[in-house]
Amino acid sequence: MIDPLPVVVIALPFASAAVLALVGSWRIGIWINAGSATLLLLLAALLPWHLHAPVPLLHIGAPETQLVLLTSLVAMTTSWFSRRDVPASLATRSLDRRRARLYHAACQALVGAILLAVLSDNLMLTWLALAIAIAAAAGVTGAVRSQAAATAASNLLLLCGVGLLIALLGTLLLHVAQEPHAATVRWSTLQSVPHHLPALHLACVFLLIGYGALAGVAPLHGWLPDAAAEGFAPGSIIVGALMVNAPLLVLLRLRAALNPNPGLPAAVLMALGLITLLLGACCLLASTDMRRTAAFAGMAQIGMIVVAIGIGGPAATFAGWLPMTLLALARASVLQCHGLPPTQLAAWTRTAGILALAILPLFALFLLAKAAVWLLLPLGVGVLLTSSALLARLPIPLPSVPVPRGGDLSEIAALAPIWLQLALVLLLVLAMPGPVVDWFNATAAR
Amino acid sequence: MTGAAALAAALALALSIALLCARRIGTAAIICAIQALLSAAALAALRWQPAATALVAFALNGIALPLALLRVVHRPAMSPVIATRNGAVGFWLAVLMLSTLVVAAFTQARPSPASDSLVLGSSIVLLGLLLVAQRSHPLAPVLGLLSSQNGLLLVAGATPDLPLSARLVVILPLVPGLILANAWLRQ
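Respectively, the protein sequence lines represent chains Y and S.
Every letter in the first sequence is one number past the one before it in the numbering used here, and letter 299, counting from 1, is 299.
Every letter in the second sequence is one number past the one before it in the numbering used here, and letter 55, counting from 1, is 55.
You may find that some hints are simply not true.
[To be verified] Computed beta-carbon distance windows for the label pairs: (1) Y/L42 with S/R47: 50 to 56 Å; (2) Y/A416 with S/H74: 52 to 58 Å; (3) Y/A88 with S/A77: 31 to 37 Å; (4) S/L168 with Y/S188: 18 to 24 Å; (5) Y/A416 with S/L185: 34 to 40 Å; (6) Y/S388 with S/C21: 46 to 52 Å; (7) S/A14 with Y/M432: 55 to 61 Å; (8) S/V81 with Y/D96: 32 to 38 Å; (9) Y/A21 with S/A83: 35 to 41 Å; (10) Y/P54 with S/A51: 32 to 38 Å; (11) S/V81 with Y/H52: 56 to 62 Å; (12) Y/S388 with S/A64: 49 to 55 Å; (13) Y/S188 with S/A83: 45 to 51 Å.
[Unchecked claim] In silico contact screen, one side only, chain Y against chain S (beta carbon under 8 Å); selected entries: (14) G161; (15) L165; (16) T184; (17) S188; (18) L376.
[Unchecked claim] Examples of chain Y residues lying across from chain S (beta carbon under 7 Å, computed): (19) L128; (20) A131; (21) L157; (22) L164; (23) L168; (24) L169; (25) H175.
Because the hints were derived from the structure by calculation, they are not lab data.
Please read these numbers as outputs of a predicted model, since none were measured by experiment.
For glycine and all other residues, C-beta sits at the position ideal for the given N, C-alpha and C.
Just chain Y, same shape as in the assembly:
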């Protein structure tokens, strides 16, 4: 008996995208987008009770379910945020009716493709889902009418396209590495199937570099800051904060498949992670624009997460997986503050968001106990640079600066989704409930 819930969760955004592509009115489009995202979150909230449900081509494990919940939550808050941003962009003529329709349809298609990539058990299906996600992400990024946004969308297509082709080569090589050759390669059985080790390592190196590009890992990271800073603001939240998580899950699955002989691919992961962390931290020091700052902070964090995955083992994976969740929530919160009216309430919310981003690198302290000696210095330098650069950019709203007090109902309604995300960050950092700890442990034990 097939469980219909996971299929509905994946199909709903695609169906909404099809409807949104046909609906001409941007006002109706806004409500369909927000309604669909809210329904998706409600359905995704039921998924933890359907773990390991039998669905062909899909695998509903603990990390997959967690990413589905995270994606649907941020997609929901972003869709409500775009209720304010789309009319504002239409008023300033940076969007027109056709581009608003493109944005809404591409946004839902992107969410659907991310969910399909996360829940897919088949390597080829994951690849195909990420290819759809890249195409939709280019549509979301380039929706706004500006040369910089069009260039950012082209960069995204090019660099992620190169990554996709490298990942496809790695996927084919993974078929060759299986002993005996199997008809399909599944994520759920990748660990248990015997492999020819040198061939597996070669395939994994290609897969890590290819999917790493889609996660914003150096050297093919250049698309991420541009897409986050130049694209349409609500779209850049989905692209920058959510799309990178699906390839990170792929890296986690591959690292698990390499046990107990991680060899060269684990070293490649740690090296790429360190380069990304240090590069992100250095760029952060020179950054002045808030959206670009959030993107570079995210890049540095992704580097730290990749190092954690490369180190392997339950403790290091826990120290990488938890910040990944927190990063998506904190980065979405900072980016959703973009374009808010300059009131004290909004300024404090923005400050809280950046503070949340600044404390995340401290999770690397958990890695230091497990890391090799040669990793300690670059890891420590990267973490210190990232945290200090973010703290230096902390916009503290001083009482001497005359800003309106704010606090009217419409402003509170606009800020409520951001507060929800920041409250979740606070809860997970300071007082993580027991069942959530068990949940993260189950993910880390893979």
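Take the given structure of chain Y and dock chain S to it, following the hints.
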């Protein structure tokens, strides 16, 4: 691997080198089309099933995309000459390094009945990506990725028991098609 498949794959690799030397975008598109024909011929010689997939791969990679590329090239704003981004010495050193890496890596990897095709295909993929990095023309990425797609066809041909769904994914030039569509729309 049959002699005919090995010959077609080796010629396709030689065309990758020729592609790196091509100065005009029209010439490069024709080289890509011939390379797609050779890759499809290698697949047919490797007895890829169903045989029609080799034909579809050639129709898409060898006819449809190069023709679309030529249509974009003929627009007035597009320069017909491909400029090199870095110096020639660094470029050929990179080619040499890539070839050495591929041979060294695959001699370590698992020997299979069609491992020649695997090595040749992977070399074509990497040389195609090198073209993307080395050339500054707006359509150079399409050419490089199209050449890489031809290499992937050879790798897929050498992969035993590849399911039909995976074969369909490999024969569709999804990534070069997306980049070309983007270049078309931006113009």
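Okay, the hints, checked on the actual structure:
Taking 50 to 56 Å as the suggested C-beta distance range, the pair Y/L42 and S/R47 conforms, at roughly 51 Å. A hinted range of 52 to 58 Å for the beta carbons of Y/A416 and S/H74 is consistent with their spacing of about 54 Å. The hinted window of 31 to 37 Å between Y/A88 and S/A77 holds, with their beta carbons roughly 33 Å apart. Separated by about 22 Å at the C-beta atoms, S/L168 and Y/S188 satisfy the suggested range of 18 to 24 Å.
For Y/A416 paired with S/L185, a C-beta distance near 38 Å keeps the hint of 34 to 40 Å intact. Taking the beta carbon of each, Y/S388 and S/C21 are about 49 Å apart, inside 46 to 52 Å as hinted. The beta-carbon spacing between S/A14 and Y/M432, approximately 59 Å, falls within the hinted interval of 55 to 61 Å. Distance hint check for S/V81 and Y/D96: the Cβ-Cβ separation is about 36 Å, which falls inside the suggested range of 32 to 38 Å.
Our hint of 35 to 41 Å for Y/A21 and S/A83 holds, since their Cβ atoms are close to 39 Å apart. A hinted range of 32 to 38 Å for the beta carbons of Y/P54 and S/A51 is consistent with their spacing of about 36 Å. Distance hint check for S/V81 and Y/H52: the Cβ-Cβ separation is about 58 Å, which falls inside the suggested range of 56 to 62 Å. In this structure the supplied range 49 to 55 Å holds for Y/S388 paired with S/A64, their Cβ-Cβ distance being about 53 Å.
Taking 45 to 51 Å as the suggested C-beta distance range, the pair Y/S188 and S/A83 conforms, at roughly 48 Å. Given the 8 Å rule on beta carbons, the hint for Y/G161 holds: about 4 Å separates it from the nearest Cβ of chain S. At its closest, the beta carbon of Y/L165 sits 5 Å from a beta carbon of chain S; the interface hint therefore holds under the 8 Å criterion. Interface restraint check: Y/T184 against chain S, minimum CB-CB distance 5 Å, threshold 8 Å, status holds.
Proximity of Y/S188 to chain S is violated relative to the hint, the smallest CB-CB distance being about 16 Å (cut-off 8 Å). With a least beta-carbon distance of about 30 Å to chain S, the hint placing Y/L376 at the interface is violated under the 8 Å criterion. For Y/L128, the suggested interface contact is upheld, since its CB lies about 6 Å from the closest CB of chain S, less than 7 Å. Using the Cβ-Cβ criterion of 7 Å, the hint placing Y/A131 at the interface with chain S is satisfied: the shortest such distance is roughly 5 Å.
Residue-level restraint check for Y/L157 holds (minimum Cβ-Cβ distance to chain S is 5 Å; threshold 7 Å). The restraint placing Y/L164 at the interface with chain S holds, with a minimum CB-CB distance near 5 Å, inside the 7 Å limit. Among the interface hints, the one on Y/L168 holds; its C-beta lies about 6 Å from the nearest C-beta in chain S, closer than the 7 Å criterion. The beta carbon of Y/L169 comes within 5 Å of a beta carbon in chain S, closer than 7 Å, and the hint placing it at the interface holds.
Of the supplied interface hints, the one on Y/H175 holds, with its beta-carbon coming within about 5 Å of a beta-carbon of chain S, less than 7 Å.
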